[in-house]
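Novice: Fit chains X, L and G to the given chain Z structure using the hints.
4 protein chains.
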Amino acid sequence: MSKKIAVFVGSLRKESYNRKMAKALASHAPETLELEIIDIRGLPLYDQDLDDEGKPPASWTDFRKRVKPFDGVLFVTPEYNRSTPAVIKNAIDVGSRPYGKSVWDGKPGAVISVSPGAIGGFGANHHLRQSLVFLNIPTMQQPEAYIGNAANLFDERGNLANDSIEEFVTKFMQAFARWVDIHTSRQG
Amino acid sequence: MSKKIAVFVGSLRKESYNRKMAKALASHAPETLELEIIDIRGLPLYDQDLDDEGKPPASWTDFRKRVKPFDGVLFVTPEYNRSTPAVIKNAIDVGSRPYGKSVWDGKPGAVISVSPGAIGGFGANHHLRQSLVFLNIPTMQQPEAYIGNAANLFDERGNLANDSIEEFVTKFMQAFARWVDIHTSRQG
Amino acid sequence: MSKKIAVFVGSLRKESYNRKMAKALASHAPETLELEIIDIRGLPLYDQDLDDEGKPPASWTDFRKRVKPFDGVLFVTPEYNRSTPAVIKNAIDVGSRPYGKSVWDGKPGAVISVSPGAIGGFGANHHLRQSLVFLNIPTMQQPEAYIGNAANLFDERGNLANDSIEEFVTKFMQAFARWVDIHTSRQG
Amino acid sequence: MSKKIAVFVGSLRKESYNRKMAKALASHAPETLELEIIDIRGLPLYDQDLDDEGKPPASWTDFRKRVKPFDGVLFVTPEYNRSTPAVIKNAIDVGSRPYGKSVWDGKPGAVISVSPGAIGGFGANHHLRQSLVFLNIPTMQQPEAYIGNAANLFDERGNLANDSIEEFVTKFMQAFARWVDIHTSRQG
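Protein chains in written order, with the working numbering: chain Z, 1 to 188; chain X, 189 to 376; chain L, 377 to 564; chain G, 565 to 752.
For reference, chain Z alone in the conformation it holds in the complex (with noise of 0.2 Å):
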């Protein structure tokens, strides 16, 4: 039975290319794999009375139920100012709460980063694994996806544009298959 996974991409773009990523790594992920992407644009920013007082928001309700079933996270995010973009942050924090009752708790993950610049939302990736250590979601290492000039990766319909980047995408998602399957297998 195949393993699903929750995707999450840092851009609200149309035409973002974090957007773009994620679709192909779900075309690109082996058979054992299902991603999917959720929309987190419609969160509202994270006020902790609204949980305290019982009365969340019905999107950060609804997040939250979805989530929870997963069994891995994939975080396909740009770079904002050298750190990761609010939506992507926002998400992050309103799946972690209340107290307690985290969705991120012990599900395998990993992040790319993709900019158009040429260092490739290190940063963001970096400052997001921070978050994923106290989320407690174990963290693939390798391969690193720091991938810059974004620019150059799709076709005019989305597609991955060169051989170079289907065969980093392809071995990434063979990778994170591993690292799932690995961290899946013992909690059954």
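Honestly, the hints are just simulated from the structure, not real lab data. Be a bit skeptical, because a hint or two may be false.
[As the list claims (entries may be wrong)] In silico lysine-lysine, DSBU-like type, Cα no more than 30 Å apart, as pairs:
no. : chain 1 : residue 1 : chain 2 : residue 2
1   : L       : Lys444    : Z       : Lys171
2   : X       : Lys192    : X       : Lys359
3   : X       : Lys243    : X       : Lys256
4   : X       : Lys256    : G       : Lys735
5   : G       : Lys735    : L       : Lys390
6   : G       : Lys629    : G       : Lys665
7   : Z       : Lys171    : L       : Lys477
8   : X       : Lys359    : Z       : Lys14
9   : L       : Lys441    : G       : Lys665
10  : G       : Lys629    : G       : Lys568
11  : L       : Lys444    : G       : Lys578
12  : Z       : Lys55     : X       : Lys256
13  : L       : Lys547    : Z       : Lys68
14  : G       : Lys629    : L       : Lys390
[What the hints assert, rightly or not] Selected chain G positions facing chain Z (Cβ under 10 Å, derived; list incomplete):
no. : residue
15  : Gly618
16  : Lys619
17  : Tyr663
18  : Ile683
19  : Gly684
20  : Phe686
21  : Gly687
22  : His690
23  : Glu708
24  : Gly712
25  : Asn713
Think of the CB as a built atom: it goes at the ideal place given N, C-alpha and C, for glycine as much as any other residue.
Specialist: Only chains X, L and G this time, still in chain Z's reference frame:
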């Protein structure tokens, strides 16, 4: 003439320790500084398409106009999941755009992190500092402010509860006044 | 058969809290783990020329040979100036070279930081974790170990001084034993 | 009168790109700055016992005396394993001690990272910056300098190989001269 400092609070809770700290910083500032807390709750999550299409939300435009004239900036933030809360990162991202029109450029700044635990928001504090490099906000180094055990810092009216924290806050604001002075007088 | 864990201590002080902690971790480990502290004091600062010219110092060669057969690695470190001490970074750099012959690759690992102050070496801990991503050391996420107020942790003989820290250390080593098990059994 | 800047190079390789960059920075500095590369190869790994026992190595004492009178500091460093090389962290640690006698306090500084890969030492650059906060080194934010693809930057004599990098280096040093000026003129 006093310098005007925009203050950004990284928590939306009504009883937020960081909001109380922001007020304490304002009331303990030397006469040469005038602090004003800027509301950042209502800013929609940053989506570049809205700027590119020339239809940014009014709240973004208002925020940018409002922050622009300030002489300096002060970030007062808790730590969520070992990093900056989305609400304050979103304000930073909104203010940094559209490309070439950042409201942050060149404004002297400082970061204070306040948390209930012992670590005092160290992770959030330094993640924020990484963004401030890119934004060209000359950032005060010392005194560092990782303020832990926040529950003991304030009395029932929200005022600073002991001499030790009061002394620190006073000293911090005096150092910040010098920092702002150094970084604004040459640009006049 | 027990798994062998190489332990690296980031302080050279005779009375180092981190050395005491390393010993406490060894004595509180479950029977499935056998810990051994590796001396890293005598390693000359890494200089790639010595490897490139085929004349690495004997201490580098010995270190690499010695670490290679271990099943896992444990880093126990103070924080110097908000980052990792040079002595432990140097050991990491020496072990990572020459290119393609890293001794670290694939070994499961964990990080503990111990400091006299309240923050518990958070900065050193996460800087080290960033290196472990590149080195492909799958790193245990929870429990995190930022251990502050180190002066109160040990009695005059260097043993753990109270039940609370003893319980934490025991729990930490049990979690690490599981982590090592998950990450080595598939490679047998 | 020109300001004196101590330059620290994070690589010991004879043909180090960072050493070449340090020389290029020196030769492209405005007349108001005088750069001098400080040798940090021979400093034994920091061990607090040697300071506490009043027997620091002569090389530590010499280093501290030598750096103390400079007006500013410049760190030029490669990235080793996604962080700062031990050699430059060791120099920082040695200079920061004994407690209360740091040679770094208040000196304006800047960080340049140079690497053969695309990412340009981003990880080393920001890890170093985190230390500079603690050390109270006011650090220039812009222009940031993550300089990748180092193999193409220098000609066979070690000089800058094209106009683009020459222009950047000149601009960087002009900005640094202003930064040093701002941060030293008030202390005279």
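Novice: For every hint, state whether the structure bears it out.
Specialist: Taking the hints in turn, this is what the structure says about them:
no.	hint	result
1	Lys444/L with Lys171/Z	26 Å, holds
2	Lys192/X with Lys359/X	18 Å, holds
3	Lys243/X with Lys256/X	20 Å, holds
4	Lys256/X with Lys735/G	26 Å, holds
5	Lys735/G with Lys390/L	48 Å, violated
6	Lys629/G with Lys665/G	11 Å, holds
7	Lys171/Z with Lys477/L	21 Å, holds
8	Lys359/X with Lys14/Z	48 Å, violated
9	Lys441/L with Lys665/G	40 Å, violated
10	Lys629/G with Lys568/G	15 Å, holds
11	Lys444/L with Lys578/G	29 Å, holds
12	Lys55/Z with Lys256/X	36 Å, violated
13	Lys547/L with Lys68/Z	26 Å, holds
14	Lys629/G with Lys390/L	27 Å, holds
15	Gly618	40 Å, violated
16	Lys619	39 Å, violated
17	Tyr663	29 Å, violated
18	Ile683	5 Å, holds
19	Gly684	7 Å, holds
20	Phe686	5 Å, holds
21	Gly687	7 Å, holds
22	His690	7 Å, holds
23	Glu708	9 Å, holds
24	Gly712	6 Å, holds
25	Asn713	8 Å, holds
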